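Chemist: Residue-level listing of the chains:
4 protein chains.
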Amino acid sequence: MNIVVWNENVHETRGDETVREHYPDGIHAVVAAGLEARLAPGADGADGSHPAHGQHASTHTVTTATLQEPEHGLTEERLADTDVLFWWGHIAHDQVADEVVERVVRHVHAGMGLVVLHSGHYSKPFTRLMGTTCSLKWRNDGERELVWTIAPEHPIAAGVPHPIVIDRQEMYGEYFDIPRPDEEVFLSTFAGGEVFRSGVAYRRGLGKVFYFSPGDQEYPVYHHPDIQRVLANAAQWAAPTGPRRQLTADPHPRDWFTDEGARRQGV
Amino acid sequence: MNIVVWNENVHETRGDETVREHYPDGIHAVVAAGLEARLAPGADGADGSHPAHGQHASTHTVTTATLQEPEHGLTEERLADTDVLFWWGHIAHDQVADEVVERVVRHVHAGMGLVVLHSGHYSKPFTRLMGTTCSLKWRNDGERELVWTIAPEHPIAAGVPHPIVIDRQEMYGEYFDIPRPDEEVFLSTFAGGEVFRSGVAYRRGLGKVFYFSPGDQEYPVYHHPDIQRVLANAAQWAAPTGPRRQLTADPHPRDWFTDEGARRQGV
Amino acid sequence: MNIVVWNENVHETRGDETVREHYPDGIHAVVAAGLEARLAPGADGADGSHPAHGQHASTHTVTTATLQEPEHGLTEERLADTDVLFWWGHIAHDQVADEVVERVVRHVHAGMGLVVLHSGHYSKPFTRLMGTTCSLKWRNDGERELVWTIAPEHPIAAGVPHPIVIDRQEMYGEYFDIPRPDEEVFLSTFAGGEVFRSGVAYRRGLGKVFYFSPGDQEYPVYHHPDIQRVLANAAQWAAPTGPRRQLTADPHPRDWFTDEGARRQGV
Amino acid sequence: MNIVVWNENVHETRGDETVREHYPDGIHAVVAAGLEARLAPGADGADGSHPAHGQHASTHTVTTATLQEPEHGLTEERLADTDVLFWWGHIAHDQVADEVVERVVRHVHAGMGLVVLHSGHYSKPFTRLMGTTCSLKWRNDGERELVWTIAPEHPIAAGVPHPIVIDRQEMYGEYFDIPRPDEEVFLSTFAGGEVFRSGVAYRRGLGKVFYFSPGDQEYPVYHHPDIQRVLANAAQWAAPTGPRRQLTADPHPRDWFTDEGARRQGV
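Residue numbers (the numbering used here), protein chains in the order written: chain A, 1 to 267; chain B, 1 to 267; chain C, 1 to 267; chain D, 1 to 267.
Think of the hints as simulated: they come from the structure by calculation, not from any bench.
Note that this is a predicted model, so its numbers are computed, not measured.
Be aware that one or more of the hints could be misleading.
[As the list claims (entries may be wrong)] Cβ-Cβ distance ranges computed for the label pairs, FRET-style: (1) 99(C) x 142(B): 50 to 56 Å; (2) 61(C) x 251(D): 38 to 44 Å; (3) 24(B) x 122(A): 46 to 52 Å; (4) 18(C) x 249(D): 18 to 24 Å; (5) 25(D) x 262(A): 32 to 38 Å; (6) 262(B) x 63(C): 37 to 43 Å; (7) 16(D) x 21(B): 31 to 37 Å.
[What the hints assert, rightly or not] Which residues of chain A face chain C? A partial, calculated answer using Cβ under 10 Å: (8) 144; (9) 191; (10) 197.
Cβ atoms here follow ideal geometry from the backbone N, Cα and C, with glycine treated the same way.
Between the sequences and the hints, there should be enough to build the whole structure, so can you do that?
Modeler: As structure tokens, then:
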């Protein structure tokens, strides 16, 4: 499985103090390191999970890409070879080239997994794939967030405590203007009383999309072992189950499906 | 309730023979007339429905708009006053101005209902709101379509036979690349053996979206009384339940909701 | 619309102090009075809702029934004439006769609406209709509950503030073992930090089921005007759209549907 | 993974001719053999699937159980050791002891997977878990069934042609009175024109339930390699992701979750 962690990397490169303190090499570096650690063979990722259903022994590659690279580091070649793309953006959504956004969306439709993090709710790829405004309420008050599992059998919740406790975090609150999720995995509450659908899953074409809200640039959330566990689970869940394939509208003559070859080409 | 029936009106204006035969004044004229007839007070729309839950006695206005009008007939003022917009398009999707598309999408997010018809599956407003390719299989062979109700308690299926029989129609077949519907109301089968999710409902922001596939320019489907019944039901279902409102991402100070006025502003 | 409010009426009849203080004539009396008031023509139920889409002018009848009556007040005749049944139970679930439970479930399948309140999550009709354990976490600490709308276009949320504030209430927390809801309308948070899916909607056969958790015997929750608004909305939402009808498995000869009469019999 | 294939085994033991022809050792024997073959390491189960995401190398055990055995072969000990239970029943649903049904349902709630086949739609475990009548339309005319994939990214559809062609099969048609599925994987059409939601997935408690309609006692459907592929996929999908666990309603003191041990106990 090839994972690419994309970060706009603007808070970091312009030198925001708090961000550099928690993420001296960028948020992407910490997210990637967490994935590496949790997906490594023998990693402590399966506490609570059934012994008979351990992790795949397959190898994983985790690399990073940023806004500042040519084509934002997301060339056609690279996306074609990416199984799951993680996306972190906040203050530079507008700087992401539409051409790259179309490319990302096209690869999701063709089967690539996408995990959108925190303020990425307003990113171009996510709003394109959702079709809603993705607006929400917010407050940056460094308050406690509790992440509750409401789909205990879901693979993204495997090995995760109930609730995950994040001591300090930005508040994201409802109404969160997203389509009704295909699967709701987590709900978050905040010390101030608000609630948020913090872990939601969708299918878009042949690709899977997971949005996970915990993780702000001002708090060390991506160093949290339970959050890393969620991200590793999400990567495994979002990985494609078949080859990349463009979906098109084609005429089909009557009885086309009596030919086995035609049937085997897939939907 | 103000209903606007939009039609690209290209098959008609360029003089396609079959279309002009079935729809001499345009597809929009027949759809609008059907809505007028079925939504009129006392209309025979409630066969099979509970006597205690008859139709609203409210008045309805049905008007039409086409691609050829300035701003395609969909100005800001007009959309602001539209409760439900019907959309028929086929060969001129690309000619719809992006600015008008954004306007339509914005009004759906703010509460306007949208009913997308047949080949409108590939229209700009629909694909924007879905976030998928909306591709499908097709064959124009004039074959029988049966429309089966799988949500018998759904208001869009009220008074509709099981199945609706359409003698001649274009085939639309799965895989139909749409997001998992919030509600599936109808499934269609075709004489050739294919199946299609022909009546599917979604929420997008504060607006409701219904896609209904029966209805091709080469067949007189919109003259069919059961199809007209579905469209009238869809108009009533899609009508907004509250005032038009833009959803935005706003900061909220701690305990903002202890103020009743703030709570009453809505989500 | 005929509404029946059912209550086990055991806390009240055995003389629990707090219950009698808030509900001297029983919880059912207050629920029924609230429904009467909110469903009355001209009632202030539409604040925030679109002027064009006011309430039906139809008349409503609200009566009550209790465990202590013969057949618990739920005879075949009475259920046949009930559009929506409200259910409140807590410590006497086991005393409800299986025969009556089967009758209630059968009428829901045939189209009757059912609104299950608070501790009714463990009632026989609800667990039968859900097929899960319906277990949850709880704490009776008289703490603040906030009820957040996450389906702002849903009719059950019409005219409801965001959030509803309940000053003192029992805590119900996740994991709530229910099937994935067809529609999630409300999420609740509690002062202690827990979260709960407090307003969830399902279809079962031809009937609609709504579960709403706010409302404990020790707190005056059913006197709360916003809670009464939710219950009145739920009654309107759950009301059947067609005549009561038993669903059965029947053989159908080939081409049965070419007969219009057969088609018109419904699904 | 331990799989148990349960069969009422009544058509076979009473000597129905056609059944004995296709299934001389019982339907369960053929279903079990198909699972064995398709789940074996190196089995041709992944055509079309991504090379990086092959099958688990874990070992599988497939055994059978029938109505005629003591406790129908489904003792507490055996179910406790069963990961996925397959269920085939038709004319003897009533002969299944309620105690055994309760046991099966309890194990599903606690995490056991359940795959219900064909006429099992009317079995006690399935109707208990669904909460609906599970009624449908039917006709035994030996007509062609086409099984179309509408969730191409779903693991149960991996390696399956589009459509699967079954030359002769009993017709099952809508309206199928089931709860709205969590996931719809397959839709079937029949030569006579009917449609059926033939592959639907649910969560019930910690357990997963899949219903798959193809497979009648009078036709050799379970010998069909594509059908065997679906059943093998369903077994892998339905397998629990964590240890068996009873869900109960417990009081939780304020701040219980500040104790890590309490959080780690799971939902």
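Chemist: Each hint needs a verdict: does it hold in this structure or not?
Modeler: Verification of the supplied hints:
Between residue 99(C) and residue 142(B) the C-beta distance comes to about 55 Å, which sits within the given range of 50 to 56 Å. At roughly 39 Å, the beta carbons of residue 61(C) and residue 251(D) sit within the given window of 38 to 44 Å. Between residue 24(B) and residue 122(A), the C-beta spacing of about 48 Å keeps the proposed range 46 to 52 Å intact. Between residue 18(C) and residue 249(D) the CB atoms are about 21 Å apart, so this pair conforms to the stated range of 18 to 24 Å.
A beta carbon spacing of about 35 Å between residue 25(D) and residue 262(A) agrees with the range 32 to 38 Å that was offered as a hint. One distance hint, 37 to 43 Å for the beta-carbon pair residue 262(B) and residue 63(C), holds here, with the actual separation near 38 Å. At about 56 Å, the CB distance of residue 16(D) to residue 21(B) disagrees with the hint of 31 to 37 Å. Of the supplied interface hints, the one on residue 144(A) holds, with its beta-carbon coming within about 8 Å of a beta-carbon of chain C, less than 10 Å.
Annotation: residue 191(A) was flagged as interfacial toward chain C, and the flag holds, the nearest CB pair being 8 Å apart, inside 10 Å. Nearest Cβ of chain C to the Cβ of residue 197(A): about 7 Å, under the 10 Å cut. The hint holds.
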